[in-house]
Every structure is written in structure tokens, then in C-alpha cells.
Amino acid sequence: MKNRLPKLFGLAALILLGALFTLPFLWQVSTSLKTEDQVSKSDLDLIPRAQMLVVDGRGVQVKPVERKGENQVVEVLSGPQKGAKLTVAPGRLYTRPHLEGSNYVEGFKAFPFFKMLKNTLVICVLTVVGTVLSCSLAAYGLACVQWRGRETLFWVMLATMMLPGQVTMIPLFQTFKGLGWINTILPLVVPAFCGNAFFIFMLRQFYRTIPASLMEAARIDGASDLRIWRTVVLPLSKAALAVVAVFSFIAAWNDFLGPLLYLMDDDKYTLAIGLARLQGQYSSDWGRMMAMSVVMTIPLITLFFLAQRTFVDGIKLGGVKG
Amino acid sequence: MKRRTWIGLAFCSPLIVGLLAFTVIPVVASAWFSLCNYPILDPPKYIGAANYTELVRDDQFWHSIRNTFTYVLMAVPLGMAVGLVLALLMNQKVRGIKVFRTLFFLPTVVPVVANAVLWVRVLNPQQGLVNSFLRAIHLPESFMPGWLADEHWALPGLVLMSLWGAGGGAILYVAALKDVPAELFEAAELDGAGPVQRFRRVTIPLISPVLLFTGIMGLIGGFQEFTRAMVMTQGGPWDSTLFYCLHLFNSAFTEFRLGYASAMAWVLFAIILTATIVVMRLSIKHVQYEQ
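So the protein sequences, as listed, match chains A and B. 1 is the number of the first residue of the first sequence in the working numbering; add one for each residue after it. 1 is the number of the first residue of the second sequence in the working numbering; add one for each residue after it.
It is possible that some hints are incorrect.
[To be verified] Each computed DSSO-like pair below joins lysine-lysine, with the alpha-carbon atoms no more than 30 Å apart:
1. B/K285 - A/K7
2. A/K238 - B/K45
3. B/K178 - B/K93
[What the hints assert, rightly or not] Label-pair ranges, simulated between beta-carbon atoms:
4. B/T276 - A/R67: 28 to 34 Å
5. A/E36 - B/W238: 44 to 50 Å
6. A/D221 - B/K2: 40 to 46 Å
7. A/L226 - B/L20: 54 to 60 Å
8. A/A239 - B/V56: 29 to 35 Å
9. A/W181 - B/T70: 33 to 39 Å
10. A/L20 - B/V28: 46 to 52 Å
In case anyone wonders, no lab produced these hints; they're calculated from the structure. Being a predicted model, the structure only gives us computed values, none of them experimental. We put the CB at the ideal spot given by N, CA and C, even for glycine.
Generate the whole structure from the sequences, applying the supplied hints.
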């Protein structure tokens with residue numbers, strides 16, 4: 001018994017905290033499926049419900065419109081009397097579980113979701129391709145080719161990691177403006193093709209563990225460095241490249257400051273900037289905003305479940321988070 | 001030059017171009033701008049250290065520094081503590097532990113803006129999740145925090161929100177805990193050390209390098225806090241969530257004072273560098289690296 005107690009306590013704490021950490025997700029999804037009148041009740045009810053009333057012996061969904069003294073005026077939303085306004089005693093109203101899909105439908109209308117999804121995906125895919133390509137090439141140059149100056153380059157690169165992005169933000173903005181790149185995706189994707197110090201550092205550490213004999217053998221067979229990179233190094237570093245791909249994708253998906261600075265037109269917006277704008281316009285429309293935040297989150301949660309191993313690897317390699 | 005040098009340079013050429021174009025040249029330009037009066041449309045004009053001396057006299061600058069330090073001093077230690085608790089709980093030998101690991105980690109996967117949209121509502125004083133919960137446990141209405149609507153509660157609200165992401169650090173702590181040899185605990189137990197002593201004398205020292213790492217990363221991230229304030233509060237109420245980087249962004253892109261904002265960026269760099277060095281120095285006695 002003496003040994004059991006701490007164990008039970010630990011398990012109870014685990015379950016309690018697990019529930020606490022899941023609560024915001026459940027509440028988010030539940031609110032996104034609630035009708036407007038149910039959202040404003042602050043009774044911690046996670047089950048979406050609809051306001052109902054019995055009319056002619058049938059339960060129909062109603063919407064509270066206004067109060068009239070003791071009574072409540074409601075609008076009938078379904079059945080033959082649809083659209084009619086009835087005045088009833090509050091006691092006659094009841095609720096039943098109901099999933100309201102209109103928040104999603106209305107949200108997609110107010111929010112050119114698929115256009116923004118397309119814009120976001122274009123930026124994400126180009127960023128991933130550019131980052132994986134440039135970082136693995138540079139890491140090969142830094143780890144697998146012996147040349148004068150590579151240590152200097154490596155240390156200069158490491159030093160730049162210390163620099164907060166705010167320092168280069170203003171000159172870069174002016175440069176991109178001078179190039180006429182404002183309101184295009186170029187400022188967001190071109191830098192990705194020029195490497196990322198953190199990912200290069202990570203890949204270089206990994207490439208150094210590849211046995212030199214493998215590369216030597218290929219070289220003796222007459223393979224060029226480009227060929228060795230493609231046929232020996234890339235296949236061996238799939239797991240590390242997956243980390244680079246997944247985390248650069250997430251960073252591009254989440255990026256807020258970049259699109260805020262460089263994208264001006266609504267039809268160029270990414271999901272991050274579009275949702276932030278919507279938050280300003282529809283801040284009182286809870287159901288719709290929650291629905292849209294669910295929609296923006298689902299792809300990343302899906303990605304997480306598809307590539308859990310890669311996520312854990314990436315986190316262990318240094319907590320890379322957008 | 002030797003052939004190998006050419007090959008090495010060729011492989012690194014995107015990196016070299018990128019370092020020059022997106023870091024080295026902008027850094028030099030930024031240092032120059034910080035010494036200039038640069039209203040976005042006119043060319044920069046040299047004014048010496050005037051931007052920096054103006055910073056010292058700018059109330060909003062000090063205010064944003066105070067906000068940012070307050071936030072970092074609350075969010076980083078609390079985040080590490082919650083992460084450590086989660087890690088210790090996840091380190092138990094229980095069936096189905098993987099489910100919990102996923103549950104604690106998932107919040108860190110939520111996109112920043114989607115998270116901001118969610119938490120504006122979680123923290124809503126009337127209908128929000130937190131206050132609904134507090135009401136359910138019968139907290140008197142007069143004690144109900146106003147969160148983002150109240151200048152005294154807005155920063156704690158953002159800290160609370162950041163704690164939802166404590167599972168990211170916890171994953172690192174769990175990995176470090178797994179590396180602690182069981183014999184060490186057994187030896188300590190034989191020597192009569194209780195659970196608290198074992199935690200303080202064995203667990204903490206052995207995972208101290210990871211704690212230091214997450215602390216420094218949290219510090220650097222905390223000083224650059226921007227997106228959440230921009231989306232959720234725009235710095236309000238009464239500038240109580242005006243973070244340093246939000247003030248910097250406003251100076252540059254709403255007041256169009258590029259020189260002044262560049263000076264702020266360099267001060268930020270100095271703050272981050274100093275804070276990192278101070279934390280490293282202070283922790284040097286307490287962090288134990290494996291031999």
C-alpha cells in the first residue's frame with residue numbers, strides 16, 4: 001500500500017493535467033459548432049446545443065430575438081412555420097444537442113479560404129524546396145569537401161544566428177521595395193533558396209557522421225561531388241532532411257511578420273495574415289472565428305500525426321519553432 | 001586556387017550569397033541607419049548618436065522594456081517549471097503514456113495566429129473558458145480577472161497562454177530524464193535520500209544543461225514577442241502589452257522613423273546578448289555537463 005500511493009497520485013495528476021491541456025481544444029471545436037445564442041452563455045458547456053420549442057406537437061429549432069417583459073420572442077428556424085416570430089414563456093424553451101455547421105459555411109464566405117490556402121501552400125512549398133536544396137548543398141560543402149576558408153564561413157554563419165531578425169528587417173524592407181518586390185511572394189521565398197544557418201548547422205553535424213569511405217569509393221569510381229551528394233549523401237540523410245522540410249513548412253505556414261510587411265492585397269494574403277485581419281473585423285462573431293482557427297490548425301495537427309517521429313527528432317535537435 | 005576550393009565555394013555559393021545579401025549588407029546598413037534621421041521617403045541623413053540619446057528619453061521605450069522584462073521574468077521560469085512537472089509525470093511507467101505525450105505536445109503545433117484567435121476568447125472576461133471555469137468553481141465576481149481587458153491582468157493572461165505551450169520543453173526534459181542512469185537514483189536512495197532530495201541533488205543537476213538551453217531559448221524568444229500582441233491586443237490596454245518589438249514595428253512602419261527603429265533593433269541585440277551572457281555566467285556553477 002505504501003508504494004502504491006505515490007503512483008496513484010502521479011497517475012491522477014497526469015490525467016488531470018492531460019484534461020486541462022485538452023480543454024482549450026475541446027472548447028474551440030465546441031464553440032465553432034455552437035449557435036450564436038448558445039455561445040454567449042458562459043456555463044462551460046462543451047456540448048453544442050440548439051434552442052428548441054414545441055410547436056404543433058413537434059420540436060423545432062428557434063432563435064431568441066428579444067425579450068418582451070417576462071416572455072421571450074423567438075424566431076422559428078425549421079419546420080412549416082419557418083421564419084415566424086413567436087412570443088413564448090421562457091419555461092417552454094428547451095435545448096438539445098445540435099451541431100451548427102453554419103459557422104464554417106459563413107466563415108468560408110467571409111474569408112476567401114481556398115484562395116488563401118493556395119497562396120499559403122505556394123509559399124510553403126517553395127520555401128521547403130528552397131530550404132532543403134540550399135541547406136543540404138551548403139552542408140555538403142561545409143562537411144564533405146576539404147577547402148580553405150570553410151571553417152571561417154562556418155563560424156561567420158554561426159555568428160549570424162545570434163542576430164535578431166529585427167536588425168535586418170528595415171534594410172531588407174527597403175531593398176525589396178527598391179527591387180519592386182513589395183506585394184509579391186519574392187521577399188518571402190527567395191531568402192529560403194539561400195540557406196538557413198540553423199538547418200545548415202544541423203545537417204552539417206549529420207553529414208560529418210557519414211563514413212568518408214563511402215564517398216571515397218564513389219569518387220574512385222569517377223563520381224563528381226554533385227553526383228556523390230545526390231546518390232550517397234541525400235539518400236542517407238532522409239530523416240534529417242525530413243526535419244528540415246517539416247520545420248521550414250511550419251515556419252512558412254505560421255509566418256505572420258513576413259506577409260504583414262510584404263503582402264498588401266487581400267487576394268495575395270496567406271492564412272495567417274487573413275485570419276489576423278478577420279480577427280479585427282469579426283471579433284464579436286465567436287463561432288465563425290473559432291471555426292476559422294480550427295480550419296487553420298487542422299493541417300498542422302494532421303502533419304504532426306503523419307510525421308510524429310520527425311517532430312520529436314526536430315524538437316530534440318534544438319526546439320525549432322516558428 | 002585549388003580545385004577543391006572551387007568545388008567547396010560552389011556548394012556553398014547560395015549560402016554565401018544569402019549571408020551577404022540578407023545578413024551582412026543589411027547589418028551594415030542597419031548600423032548606418034541607426035545613426036541617421038530616416039523618414040521612409042527621404043534619404044537617410046547622418047545625425048550621430050541622436051537616435052540613441054532620444055531612446056533614453058522616450059517614455060514608451062522604457063515602458064516597452066518594462067513590459068517585455070516583466071513578461072520574460074514571468075513566462076520563462078513558469079514555463080520551465082510547468083514543463084518540468086509535465087516531464088516528471090510523463091517519465092512514470094504507466095501504460096498509454098504516449099497518449100499523454102501527444103496531448104501535452106499538441107498545443108505547440110497550433111499556428112501562432114490561430115492560437116491568438118483562440119486565446120482572445122479563452123481569456124474573454126465574460127464568456128471565456130478561463131473565467132467560465134472560475135465561475136464554475138464559485139470564485140466571487142469581484143475577484144474575476146479581466147485578462148486582456150484589464151491593464152494589470154493582460155500580461156499575466158499572455159503568460160497563462162504561453163504555459164499552454166509548455167509541452168515543447170517537456171519533450172526535451174523527458175529525453176534528458178531518460179538518460180539519467182537508474183543506478184544514481186538507487187545509490188541516492190540507499191544513502192537515505194528522500195524523493196525531494198533525490199530530485200534536487202540528482203535529477204536537477206543531471207538535466208541542468210537542457211534546462212539552461214530551454215531557458216536561454218525562452219529568453220531570446222520572449223524578448224522578440226510580437227505576433228500575439230499585434231493580433232490580440234495591439235499593445236493595449238493602456239500600452240500594458242506594448243512589447244519591445246511591437247514598439248519597434250510601430251516606430252518603423254506606422255511612424256516611418258526607420259533610423260529610430262534601427263537604433264531600437266541594435267539595443268534589442270545588446271539586451272539579448274547581455275541577458276544570454278549573464279544567464280550563462282550565473283548558471284556556470286550549477287550546470288553540470290557530462291565528462
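Hints, one by one, checked against the model:
no.	hint	result
1	B/K285 - A/K7	violated, 34 Å
2	A/K238 - B/K45	violated, 51 Å
3	B/K178 - B/K93	holds, 12 Å
4	B/T276 - A/R67: 28 to 34 Å	violated, 59 Å
5	A/E36 - B/W238: 44 to 50 Å	violated, 31 Å
6	A/D221 - B/K2: 40 to 46 Å	violated, 22 Å
7	A/L226 - B/L20: 54 to 60 Å	violated, 23 Å
8	A/A239 - B/V56: 29 to 35 Å	violated, 50 Å
9	A/W181 - B/T70: 33 to 39 Å	holds, 38 Å
10	A/L20 - B/V28: 46 to 52 Å	holds, 49 Å
Comparing the model with each earlier hint shows violations of hints 1, 2, 4, 5, 6, 7 and 8; every other hint is respected.
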